[in-house]
Amino acid sequence: MSRRGDWVYENNGGTCVAVAGADYCVVAADTRLSVGYSILTRDHSKICELADKCVLASSGFQGDIKALHKNLAARELLYQHQHNKRMSCPAMAQLLSNTLYYKRFFPYYAFNVLGGLDSEGKGCVFTYDAVGSYERTGYSAQGTGSSLIMPVLDNQLKSPSPLLLPARDAVTPLSELEAVDLVKDVFASATERDIYTGDKLEIVVINKAGTKREYIDLRKD
Amino acid sequence: MSIFEYNGSAVVAMVGKNCFAIASDRRLGVQLQTVATDFQRAFKIHDKLYIGLSGLATDAQTLYQRLVFRHKLYQLREERDMKPQTFASLVSALLYEKRFGPYFCQPVIAGLGDNDEPFICTMDCLGAKELAKDFVVSGTASESLYGACESMYKPGMEPEELFETISQALLASVDRDCLSGWGGYVLLVTPTEVQERVLKGRMD
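Sequences listed follow chains A and B, in order.
Residue numbers for the first sequence follow the numbering used here, beginning at 49 and rising by one.
Residue numbers for the second sequence follow the numbering used here, beginning at 8 and rising by one.
FYI, nobody ran anything at the bench for these hints, they're computed from the structure.
Don't be surprised by glycine CBs; every beta carbon is placed ideally from N, CA and C.
Careful: at least some of the hints might be erroneous.
Think about it this way: if two alpha-carbon atoms lie no more than 16 Å apart in a straight line, the pair counts; the simulated EDC-like pairs of lysine to aspartate or glutamate are [unchecked claim]:
no., chain 1, residue 1, chain 2, residue 2
1, B, Lys24, B, Asp121
2, A, Lys133, A, Asp100
3, B, Lys140, A, Glu240
4, A, Lys206, B, Asp182
5, B, Lys24, B, Asp123
6, B, Lys161, A, Asp269
7, A, Lys268, A, Glu240
8, B, Lys24, B, Glu167
9, B, Lys161, B, Asp141
10, A, Lys248, A, Asp100
11, A, Lys232, A, Glu262
12, B, Lys161, A, Asp233
Below, a sample of chain B positions facing chain A; criterion: calculated Cβ distance under 10 Å [as the list claims (entries may be wrong)]:
no., residue
13, Leu39
14, Ala43
15, Ser151
16, Ser158
17, Pro162
18, Glu165
19, Ala176
20, Leu178
21, Ala179
22, Asp182
23, Arg183
24, Cys185
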């Protein structure tokens with residue numbers, strides 16, 4: 049909440065999570081849209097399917113997020129026309145980073161998590177800051193509930209430590225069902241303590257068979 | 008930069024079946040530099056009452072000294088130990104006395120009351136009490152602690168399981184906070200005994 053006449057952003061709240069497995073990726077986000085202490089809607093999707101194996105979830109200022117998703121979807125369509133194939137997840141990851149840095153001095157107020165399958169069919173998750181700094185990880189959370197969720201993912205996903213040598217993939221050894229259950233659990237916990245997270249949880253699971261979508265009710269208070 | 012983030016701290020207390028646990032991290036820093044790795048933040052008031060103080064370390068120590076003084080006077084006059092609920096009111100009053108120049112501390116109080124009923128509460132730096140039935144958290148890692156405790160806690164845990172749960176919640180949370188960590192210190196209190204353990208976590 050800013051009294052300045054030139055403050056052009058607002059935070060619409062919400063939390064996004066992505067978890068990568070050996071041959072699947074789970075991307076989830078709540079569906080609540082808030083401004084200040086009010087709820088604008090309980091039914092707003094923060095997830096955008098950019099390509100058949102690439103899904104983006106973003107939390108932050110929804111005006112910028114809508115513009116960003118539209119921009120990326122258009123670029124993906126152009127890529128399809130020029131290369132006769134859909135964009136891979138690592139390619140989209142680089143494109144997203146460049147798109148965000150393009151507006152380095154008037155940023156997109158968007159906190160992104162990109163999830164999908166890489167060219168070998170393994171799960172991949174890319175996590176971003178608002179100006180495009182990114183990293184491939186095994187799992188990530190962004191948004192108002194991220195600080196509540198990350199420690200639990202660290203503890204429960206049994207991913208190999210990033211400090212081990214030789215460097216190994218950070219994907220979780222858990223099965224798809226276990227990962228989805230864990231995501232539902234962490235969102236239930238975040239909903240209890242974060243006022244901006246709740247209403248419904250949208251879960252998208254990407255594996256070699258395709259993309260599946262599921263909705264779970266969360267607390268509405 | 009907030010005064011509450013000057014030293015860095017993490018304190019948590021949880022209720023189990025006829026027992027409670029209180030845990031804290033061990034780092035003392037001066038902004039980004041670590042100055043001590045064995046700093047005590049959870050203190051004993053009497054055998055069945057403990058207080059953890061997060062926030063500015065100097066205020067935590069001063070407040071602890073004042074509280075021990077007040078409790079000793081109470082013991083002399085009343086010839087008994089203070090109940091946790093009474094002690095919580097005392098802490099609240101002491102903090103509110105400094106309403107316009109507060110102690111920069113957030114206390115977490117845990118004790119066994121009448122019939123060895125576990126009692127936990129927390130308050131802000133001005134003394135606003137908040138009772139809880141399950142767990143209370145405070146410090147720079149409080150958001151992470153909320154998430155971890157909410158996921159890992161279940162009611163009616165036995166002492167061994169409670170110890171495991173509070174330790175995992177503390178270590179997972181401080182690992183995501185650069186200002187707290189360097190191990191953990193857990194006190195598990197039952198009506199018959201007190202167990203003190205030092206946890207080894209990521210030493211950074």
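Each hint tested on the structure:
no., hint, verdict
1, B/Lys24 / B/Asp121, "holds (15 Å)"
2, A/Lys133 / A/Asp100, "holds (10 Å)"
3, B/Lys140 / A/Glu240, "holds (15 Å)"
4, A/Lys206 / B/Asp182, "holds (15 Å)"
5, B/Lys24 / B/Asp123, "holds (10 Å)"
6, B/Lys161 / A/Asp269, "violated (21 Å)"
7, A/Lys268 / A/Glu240, "holds (10 Å)"
8, B/Lys24 / B/Glu167, "holds (11 Å)"
9, B/Lys161 / B/Asp141, "holds (8 Å)"
10, A/Lys248 / A/Asp100, "violated (24 Å)"
11, A/Lys232 / A/Glu262, "holds (11 Å)"
12, B/Lys161 / A/Asp233, "holds (13 Å)"
13, Leu39, "violated (19 Å)"
14, Ala43, "violated (24 Å)"
15, Ser151, "holds (5 Å)"
16, Ser158, "holds (4 Å)"
17, Pro162, "violated (14 Å)"
18, Glu165, "violated (21 Å)"
19, Ala176, "holds (8 Å)"
20, Leu178, "holds (8 Å)"
21, Ala179, "holds (4 Å)"
22, Asp182, "holds (6 Å)"
23, Arg183, "holds (5 Å)"
24, Cys185, "violated (12 Å)"
Of the numbered hints listed earlier, those contradicted by the structure are 6, 10, 13, 14, 17, 18 and 24.
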